[in-house]
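Chemist: These are the residues of each chain, in order.
Number of protein chains: 4
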Amino acid sequence: MIVTLSPDAPASTVEHLMSSAISLGLSARVLSYDDGAQVVGIDGSLSIDINQLPGVTTVQVKHKPYMLASREERAPSVVRVGNVRIGGAEPVIMAGPCVVEGRDELICAARAVKAAGATMLRGGAYKPRTSPYAFQGLGEDGLKHLAAAREATGLPVVTEVLEPEQVELVARYADMLQVGARNMQNYPLLRRVGAANKPVLLKRGFSATVDEWLMAAEYILAHGNPNVVLCERGIRGFDPAFRFNLDLNAVPLAKELSHLPVVVDPSHGTGVRSLVAPMSMAALASGADGLIIEVHPNPDLAKCDASQTISPAELATINRRGRALVAALAEDHTLFNLPIELEVILSA
Amino acid sequence: MIVTLSPDAPASTVEHLMSSAISLGLSARVLSYDDGAQVVGIDGSLSIDINQLPGVTTVQVKHKPYMLASREERAPSVVRVGNVRIGGAEPVIMAGPCVVEGRDELICAARAVKAAGATMLRGGAYKPRTSPYAFQGLGEDGLKHLAAAREATGLPVVTEVLEPEQVELVARYADMLQVGARNMQNYPLLRRVGAANKPVLLKRGFSATVDEWLMAAEYILAHGNPNVVLCERGIRGFDPAFRFNLDLNAVPLAKELSHLPVVVDPSHGTGVRSLVAPMSMAALASGADGLIIEVHPNPDLAKCDASQTISPAELATINRRGRALVAALAEDHTLFNLPIELEVILSA
Amino acid sequence: MIVTLSPDAPASTVEHLMSSAISLGLSARVLSYDDGAQVVGIDGSLSIDINQLPGVTTVQVKHKPYMLASREERAPSVVRVGNVRIGGAEPVIMAGPCVVEGRDELICAARAVKAAGATMLRGGAYKPRTSPYAFQGLGEDGLKHLAAAREATGLPVVTEVLEPEQVELVARYADMLQVGARNMQNYPLLRRVGAANKPVLLKRGFSATVDEWLMAAEYILAHGNPNVVLCERGIRGFDPAFRFNLDLNAVPLAKELSHLPVVVDPSHGTGVRSLVAPMSMAALASGADGLIIEVHPNPDLAKCDASQTISPAELATINRRGRALVAALAEDHTLFNLPIELEVILSA
Amino acid sequence: MIVTLSPDAPASTVEHLMSSAISLGLSARVLSYDDGAQVVGIDGSLSIDINQLPGVTTVQVKHKPYMLASREERAPSVVRVGNVRIGGAEPVIMAGPCVVEGRDELICAARAVKAAGATMLRGGAYKPRTSPYAFQGLGEDGLKHLAAAREATGLPVVTEVLEPEQVELVARYADMLQVGARNMQNYPLLRRVGAANKPVLLKRGFSATVDEWLMAAEYILAHGNPNVVLCERGIRGFDPAFRFNLDLNAVPLAKELSHLPVVVDPSHGTGVRSLVAPMSMAALASGADGLIIEVHPNPDLAKCDASQTISPAELATINRRGRALVAALAEDHTLFNLPIELEVILSA
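Here the protein sequences come in this chain order: A, B, C and D.
The numbering used here puts the first residue of the first sequence at 7, with every later residue one more than the last.
The numbering used here puts the first residue of the second sequence at 7, with every later residue one more than the last.
The numbering used here puts the first residue of the third sequence at 7, with every later residue one more than the last.
The numbering used here puts the first residue of the fourth sequence at 7, with every later residue one more than the last.
Where hints are given, some of them may not hold.
Said to hold, decoys possible - When the alpha-carbon atoms are kept at most 25 Å apart in a straight line, the in silico BS3-like pairs for lysine-lysine are as follows: (1) D:K309 - A:K70; (2) B:K204 - B:K150; (3) B:K68 - C:K309.
Claimed, not checked - Residues on chain B that point at chain A, a partial pick, calculated with CB under 7 Å: (4) R117; (5) A118; (6) V216; (7) N255; (8) P284; (9) G293.
Since the hints were made in silico from the structure, they are not lab data.
Computed from a predicted model, the values in this text were never measured in an experiment.
Glycine residues also receive a C-beta, built at the ideal position from the N, C-alpha and C atoms.
So here's chain A without its partners, still in its complex pose (with noise of 0.2 Å):
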């Protein structure tokens, strides 16, 4: 059972809702939105009436397992980063290198993203490597020029958290912590993610279906976090062309389905630095909420995923381009009427 409350709930309607969850020895949560609204969910369903206390808006009995983030109870949600809004009119653009290479490096592929468009700075000071020789990032220090950068530009900060006991440490210094592909059902640390009060990004598993990651955004929500931002990374796939297939497919049916904003990363979703500029452009068409993108100044020279990373003059065309398509879609959706020859047709 679902109940949404409106800002002007008074506390004793939730009090009310726990209690009687409670003496009914169901399990239940809140969990309160930055726009004032909460939403209770409870694992059954009680015997009260529950739309004559204060402050309900609705009441759903049957739902998608995915109570928190589920569609049938809440508007698309905006969440906050820094000044940054994802999921609004503008598409939130993430952009910046696979990895944290020094501080001077970092300082100088911000302001390059940002000239280039970007709203926020991507980076990795932890990085989950396939193999336990590879350079796994420079760790606390990383943070620390992931910061330096944030002060030399404005840009707020996304990096990956790796695991539950780094989440304290990493959301002293990000503005969003991401939870990898490889955890996207680590639940120990979506748990612990849920516990922070710092926004979320969520990689969608490269092979968990749509409902797979929504169960793991509820996992964050049910912990009383409400800003989880959902990303589609790539999947896989069976043509050797592509490192991943980018399933812009999950785009529509994710909005579709929940409420959470949907940023896509065309880098690893493809793995082809040709494919990044078109997929980015497709993303933004199929609904997509932002992009996030590996971007060096010197893209051969990235210590990692370099044939996946453009450089900040490719980000500024994708940046311009994707400006103005979603522009385009938004502007004709104002104006939408039918060719009057349909209209004749179809009231035949």
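Guided by the hints, dock chains B, C and D onto chain A, whose structure is given.
Modeler: Same frame as chain A, but now just chains B, C and D:
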């Protein structure tokens, strides 16, 4: 070895190339494009000095195995179907019912999709069905209805051909021959449509790599038919939320590797009605030259594929928004220049 | 509706069933097995009391869509090819080169595989090749060589047929017609081999579900040919270590759903020589009725598929170990009873 | 560079190798096997003459990236869990309920699987669940019940550990630590079990390549734990008939590339009860060193995964048939020689 010839190349050049190849025991073939250009593909290297022959434009010694389909030797092709150009500035919109249900119904559907912006009519007279007991289409009657609908609306017609012996019959009625996904590697069929004088729409097999798709196109080109349009229509995936996984990554990759136009089928590609519109936008943004969409005046009553069929009104929206999107991307492309801040950083 | 008839059912029963169906506008078909049993499949239900008709064994009103292939109405079938029984106690071992290279070479290969334990000879006269420029087989000459090898060794011959018009020609030389994976849903071809009087080996398409595979078999059965053997040959997967992913799960599932015998092709199914032997053992242990294996007297010199071709000596090992394995499982099956300790616990 | 040392190598050899590596700035690690052998893996090449050092058996300069897991430097390993040897002549049979439901129920289940032939007990105390609202296991109480069941039956216990901080606690009760498929690339967890003194069962991620799986094992080995057993448990596939696609191809490939033992989980690997027995036989025939199977005294009442859980009686059959199969293959292996006819042909 690929040799390209200008439209004014004398016949003697082709003859010389062919006889040189034959004298070395190499097989060779000539392909003549509608724009007058000619390409000679030879399975090996000639010892003569080809660049000296009159009318020779380029000579490629190393090339992809799909030598005639390759982008290496030819700028993007435009394929004409009646008065429609596929691969030009305007996207082609092919639309119509999954299966031809009757003469009057089809003419009604054709009028509706035309009013909604479609520039070609699609519809199945011969249907490949998983079950031997399912409706297999109206056959030649269906072809006659398609011809009648073309007469009533002026829309050129594309329809599927299932076996080599049908090619002649279908070509008598249709403007474009469709080879379905299940037949992408039906080589006798590819050879026969390669010898037909009608353009061919070649759907990607639902577990074919892009390389295999281009090799299938090569069969058609190698038999003399230069007018091939590729069609991405979804691949097999693991998420039961989709009937197929529309693989837009294949669009920019195919256009990078080949000069052939590419259209996208978001209806079969997703199997989900609500995803047809967003994935249509994504397809055009990824660089597709057009769309092929299942449309029925009353989608829920469609005799097959109802769950992925949209209404003419939805098509009208897709058409208008799609054209706005293509225009926005085209205009932006023309005006491209770097933001000044980025120029400063990059030149530093 | 499926009606099964005993071998002694009078012709009048079949006639009555067929005319009743026709009078209701239902399509119907009769399939006669070599053991004398007959099955009538009707696309709907008759109103007459069928159980009263003489010779009727069973009547199934609810059944799978592949009514003739279904296990619901028939015990596991045995298909005879010459003196070989497929589906009986002994596994069939089909072996031979990928492609027929010449008369003497083939006879030499046939003698070697026979000495190594093979009971049927395989070899391609018509080859489906991804590239139009690759060697496409010797055609009718290849068929003649296969017939000569049969005469020299007594081994029945299975070879691929690529298009409907070839069926008659290939059936003149071969003992069994192979429909390849690329043609699993080539319905005109399925209909034609369904009308031929030779048994058919139907390979699974490399992204076909088991249901789709059985529906393809149904096409052959519905056109009157009861002698169909299924062949699992690997599906598309994401790991580049394998050419295809041999999907043994499909073997016990197909045998649970259908009465048709199933053989396995570990050569195409893995594409890796060193995996052919262990996956052959696994195939037989999963319940397969036999194997089809690419063998060449000198694997490294094979004209195609060299990397997955094994030597006759390796085949001899597979044959001997495979027969030992099948015997061990058969014997154990006969002697089955529960351990006493478990009986005590379960009866407690 | 991989250097293997005999059991009688003096400590000075290891010290010399490590200090030489450090002086060149190379990282290096020593792994000590239970049989006394030692392996030193160095991320680069030393300039000293290693073969002169006392106790050095082999030196490999070129090798796979998973240097410690590689078959290149070590014969197949045997991993001991209590009195059970995994990787020896006898297959290990791990069996038990999906999740520990209670003390008495577990002891009853443990007795039943032991009577049916199981040599290890499996059962989940901490369960990774797709939904945050599903039953997550009994936690430490579950561990205590497992220990009680071991005491009652003598069966060593394997159970899953979900996060780094749990490792110490789980290791206190369990004989073997299981890392689940969702955590195959949870590197902090891999490092922690790599530092534990208990053997580890490493499940393959459900879209991991064999190479990625071996690299995950390498993390554990590189942190000092030589006792790793690989477990194939099914990959994602497109056929909805299966929950997962058990990928037996991975078994012989992993054993060809690595010295680590491999077991197979046909329960999760198929998700279908009726496929567990045939795929168990197939797994053993493919070369697996054992099985891990979900068994419940009353499968239909199992608290999770009921549709893939079998009864103790079915396990008894699998156990007996499986051992018969392994014995038949082992015996045949010993007696191997070529058929005389084939020898004549091959020597001609």
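Chemist: The structure should be examined with respect to each hint, and the outcome stated for every one.
Modeler: The hints, checked one at a time:
{"no.": "1", "hint": "D:K309 - A:K70", "in the structure": "22 Å, holds"}
{"no.": "2", "hint": "B:K204 - B:K150", "in the structure": "17 Å, holds"}
{"no.": "3", "hint": "B:K68 - C:K309", "in the structure": "23 Å, holds"}
{"no.": "4", "hint": "R117", "in the structure": "6 Å, holds"}
{"no.": "5", "hint": "A118", "in the structure": "5 Å, holds"}
{"no.": "6", "hint": "V216", "in the structure": "5 Å, holds"}
{"no.": "7", "hint": "N255", "in the structure": "6 Å, holds"}
{"no.": "8", "hint": "P284", "in the structure": "4 Å, holds"}
{"no.": "9", "hint": "G293", "in the structure": "5 Å, holds"}
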